[in-house]
Structure formats: C-alpha cells, structure tokens
Amino acid sequence: MSLIKNIALLIVSPKMGWEEINLSGYPTHKVLQSGFYPMLALLAISSFSLMLYDPTAWTLSKTLMHAIVEFSSYFATYFLTSYLLGSLYPEIVKTATANARLNNFIAYNLIFLVLLEIFNNVLADGFSPIYFLLLYTFVIVYKGLDYINMKDEEKKTKFVAVASMLMICLPLVFRWTLEKMII
1 MSLIKNIALL IVSPKMGWEE INLSGYPTHK VLQSGFYPML ALLAISSFSL MLYDPTAWTL
61 SKTLMHAIVE FSSYFATYFL TSYLLGSLYP EIVKTATANA RLNNFIAYNL IFLVLLEIFN
121 NVLADGFSPI YFLLLYTFVI VYKGLDYINM KDEEKKTKFV AVASMLMICL PLVFRWTLEK
181 MII
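Each step along the sequence shown adds one to the number in the UniProt record's numbering, with nothing skipped, and position 62 is 62.
Rather than coming from a laboratory, the hints here were simulated on the basis of the structure. Treat each hint with caution, since some may be false.
Here are the computed distance ranges between Cβ atoms for each label pair [what the hints assert, rightly or not]:
no.	residue 1	residue 2	range
1	ALA161	ALA98	18 to 24 Å
2	LYS155	LYS30	25 to 31 Å
3	LYS155	ALA57	44 to 50 Å
4	MET65	PRO27	32 to 38 Å
Distance condition first, Cα-Cα at most 25 Å in a straight line; then the derived BS3-like pairs of lysine-lysine [said to hold, decoys possible]:
no.	residue 1	residue 2
5	LYS180	LYS62
6	LYS30	LYS15
7	LYS155	LYS94
8	LYS143	LYS155
9	LYS143	LYS158
10	LYS151	LYS15
11	LYS151	LYS94
12	LYS94	LYS158
13	LYS156	LYS15
14	LYS94	LYS15
15	LYS143	LYS156
16	LYS143	LYS30
17	LYS143	LYS5
18	LYS5	LYS15
19	LYS94	LYS143
20	LYS15	LYS158
21	LYS15	LYS155
22	LYS30	LYS94
23	LYS30	LYS5
24	LYS156	LYS94
25	LYS15	LYS143
No experiment lies behind these values; they were computed from the predicted model shown. Even for Gly, the Cβ is constructed at its ideal location relative to N, Cα and C.
Take the sequences, apply the hints, and build the full model.
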C-alpha cells in the first residue's frame, strides 16, 4: 500500500491505519522523503494563499518569511519530539527497529497536523473546526501505541498526553519564537 494511502487510512481509521503502516514496513527515510518533507513543502506553498485573502497585509516578503517559519517549526518539532520521547521513554527505543518505529510514529502524526495547517492556510480567516481536529491527534496517538510497542498500561495515558502535547504545542512555540525573531 502506498504511503499516501497509509496517511489517508490513518486519518479515517487510526487503528486500521496503524495496522496497515505496520504491514507496509516503510523505513523512516522513506516516510520522511515521500511523506513528511513533501507535506512540509506543501505547507510552505500554501502559506502564499494568504496573499489572496489580504494582499495589503500579506506582502511577498512577509508571506515568504511566514512560509519559512511554518516549515521550520514542523521540521524542528520532528527532531525535538523524537529526542524528547526517546529520552522520556527509553523502553520504547531499546533497539534500532524500535527507534525507527518511534520516528515513523512521530512523522505520521505530524503529517496529520501539517495537513490541518495546510487547510488552515488555504481556507480564509482560519476555519475554526480545524482547531478542534487537533484533538483528533490524541486518538491517532492512542491507536498507535501498539505500533510502537508501548505495553506498560500505567504509562500509556501519560505517553499519549505527553506525545500529543509535544506534537501540538512545539510547532506553536517554534512558530511564535521564530515570528518574534523574524517577522
């Protein structure tokens, strides 16, 4: 099954999506090269649609800086989340295979969040139901616990909360910081 079908299935049915991702066995570099990085490129391109809605507020230079900020925030989030989850939960990264699974887990979850951000850019004035879909990240993360072999029942709830909040909040923190520095 292709990577795009995996992403679509993950969004429609997280449990079946994670099962299919497990069966497909894509290595991390393939998930990043064929899924995550192209989505980041689409995110940056979608930032230019803001110029269509308000050309006086969104000049070319401001829009270009906004595109760079959005790209950079999710790019940095991937690596920082991978490092933090690997440090906080060393039992899920004991082997190279387990580490690759964690990285795939993070990449697929961030692809969902990047898609939401793309829709937010393309739709005029921030379509508020998209913000509620951020909560769906908790469901996707929870259904993916078997994929990363999280067996400890006591740590599952905490892991879902920590992983979801890292993936939702870190891009916002990076974006806020970079916008203060650049724009």
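Practice prompt. Compare the structure with the hints numbered earlier in the document and write down the numbers of the violated ones, lowest to highest.
Written response: none
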